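> Residue numbers (the working numbering), protein chains in the order written: chain A, 216 to 340; chain B, 216 to 340; chain C, 216 to 340; chain D, 216 to 340.
If you're looking for bench data, these hints aren't it; they were derived computationally from the structure. Any given hint might turn out to be false.
Just so you know, same-sequence chains aren't split out, so a pair can sit in one copy or run between any two.
[As the list claims (entries may be wrong)] Keeping only pairs whose Cα atoms sit at most 27 Å apart, straight-line, the calculated DSSO-like set for lysine-lysine is: (1) K340 / K217; (2) K340 / K328; (3) K217 / K335; (4) K322 / K230; (5) K323 / K283; (6) K340 / K230.
Please read these numbers as outputs of a predicted model, since none were measured by experiment.
Number of protein chains: 4
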Amino acid sequence: MKPMTDSVTTMADLKARVLAFARERDWEQFHAPKNLSMALAAEAGELMEHFLWATPEQSQAVARDAAKRGKIEDELADVVIYSLEFANITGMDVAAAIERKMVENAKKYPVEKSRGRSEKYTDLK
Amino acid sequence: MKPMTDSVTTMADLKARVLAFARERDWEQFHAPKNLSMALAAEAGELMEHFLWATPEQSQAVARDAAKRGKIEDELADVVIYSLEFANITGMDVAAAIERKMVENAKKYPVEKSRGRSEKYTDLK
Amino acid sequence: MKPMTDSVTTMADLKARVLAFARERDWEQFHAPKNLSMALAAEAGELMEHFLWATPEQSQAVARDAAKRGKIEDELADVVIYSLEFANITGMDVAAAIERKMVENAKKYPVEKSRGRSEKYTDLK
Amino acid sequence: MKPMTDSVTTMADLKARVLAFARERDWEQFHAPKNLSMALAAEAGELMEHFLWATPEQSQAVARDAAKRGKIEDELADVVIYSLEFANITGMDVAAAIERKMVENAKKYPVEKSRGRSEKYTDLK
């Protein structure tokens with residue numbers, strides 16, 4: 216089997232990988248959208264924990280720290296795994312949803328108005 | 216441009232899409248790992264909000280409710296968008312991280328021990 | 216010193232307890248509202264983790280399980296500690312904010328309309 | 216009724232206020248620990264949203280901004296309301312749990328070792 220990397224792995228490949236893991240363990244019974252959304256949020260919390268007291272600038276170094284990077288990759292993986300399983304269980308197409316959302320975002324944040332600015336679109340003038 | 220769907224879109228395609236959006240707006244300056252982890256967790260919270268008072272069983276219907284499904288897809292998209300941008304900014308390969316994490320998970324949760332059970336691996340006998 | 220319990224401890228007592236702990240360690244420098252809101256959310260994630268795969272009904276038993284109750288109390292304590300420190304650092308009066316919010320909530324959720332119903336106020340007819 | 220403020224309001228007063236609100240609406244049926252932990256985490260996410268792109272330093276100004284302060288107080292109130300209701304439903308004494316946790320924290324973070332340092336206790340030397 217060739218290694219899974221971002222450049223050759225489709226969302227469908229990853230979704231199938233995650234679903235097979237759950238099916239093999241008969242875990243779909245636990246994977247209600249409610250439960251998966253909780254698990255996802257809990258993992259997002261664990262990802263954040265690495266950066267609580269660092270400044271945004273320092274957080275770059277934290278993410279590259281040899282002793283922490285592996286753990287941070289694990290937390291990110293967990294977040295995406297639960298996102299993919301949420302999509303599996305609810306029958307959502309993630310790439311299509313992202314594409315649609317980015318088209319929407321582009322309307323809310325036109326380049327000329329939002330360049331270099333972090334305000335919410337409702338506060339952009 | 217052909218439509219982005221899970222079956223034809225690689226993680227690298229999605230990462231590039233998200234990065235281009237940020238670059239065009241000169242937003243990389245705001246995208247410290249700390250900030251992205253917060254944004255990701257906040258979006259995970261919004262995804263959860265759709266399921267707060269539903270039972271796990273009812274949450275299946277919520278996710279398929281015509282009036283709510285679009286919003287739920289949007290929240291899921293936001294979570295994955297921030298995950299991808301986190302990977303962009305920190306130079307992580309998400310598919311590789313998922314593959315590695317699932318190999319680990321398979322050791323923690325051997326099929327014969329974990330089938331049909333939701334206990335944490337530390338509680339499995 | 217008499218023991219701190221809910222019936223005799225004011226919010227101001229608890230806020231002072233938490234602030235003294237931080238001051239003694241010269242930690243106020245790390246306690247920016249941004250950082251405290253992250254820490255709070257991360258602890259809320261840890262509290263949730265105890266209930267991921269339980270049904271709402273089962274979660275009652277989880278919270279009363281002798282082996283888990285102490286840990287769950289610890290997570291709840293952490294959430295409230297960070298809430299109090301957030302109030303300390305920003306100069307907010309928590310009890311007054313709660314009272315004001317509950318008056319607002321009572322308008323959004325009049326008893327006759329919301330009795331026994333879990334819909335969001337925007338969906339109540 | 217005298218106004219509720221931190222200096223005169225006990226945790227028991229606030230817990231009773233929150234419980235009465237839920238009882239009047241027959242909402243205890245929805246307030247399983249699982250559901251309350253989700254609601255709490257979702258509100259924590261909303262509190263965080265105010266600070267996503269601000270630096271820690273800037274977040275002080277955000278919390279004092281006249282246009283935002285009321286909303287931030289509302290989010291903090293929501294977090295504490297759900298914490299109190301969680302304590303109500305599970306029969307926990309919040310002040311006692313906080314006192315116990317702070318004694319524990321004082322052991323993990325002795326003043327001489329932790330002064331001015333933000334490392335996790337497991338990383339303190």
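> Each hint: holds or not?
Verification of the hints:
| no. | hint | result |
| --- | --- | --- |
| 1 | K340 / K217 | neither (50 Å within a copy, 34 Å between copies) |
| 2 | K340 / K328 | within (7 Å within a copy, 39 Å between copies) |
| 3 | K217 / K335 | neither (42 Å within a copy, 31 Å between copies) |
| 4 | K322 / K230 | between (29 Å within a copy, 20 Å between copies) |
| 5 | K323 / K283 | between (36 Å within a copy, 21 Å between copies) |
| 6 | K340 / K230 | neither (40 Å within a copy, 29 Å between copies) |
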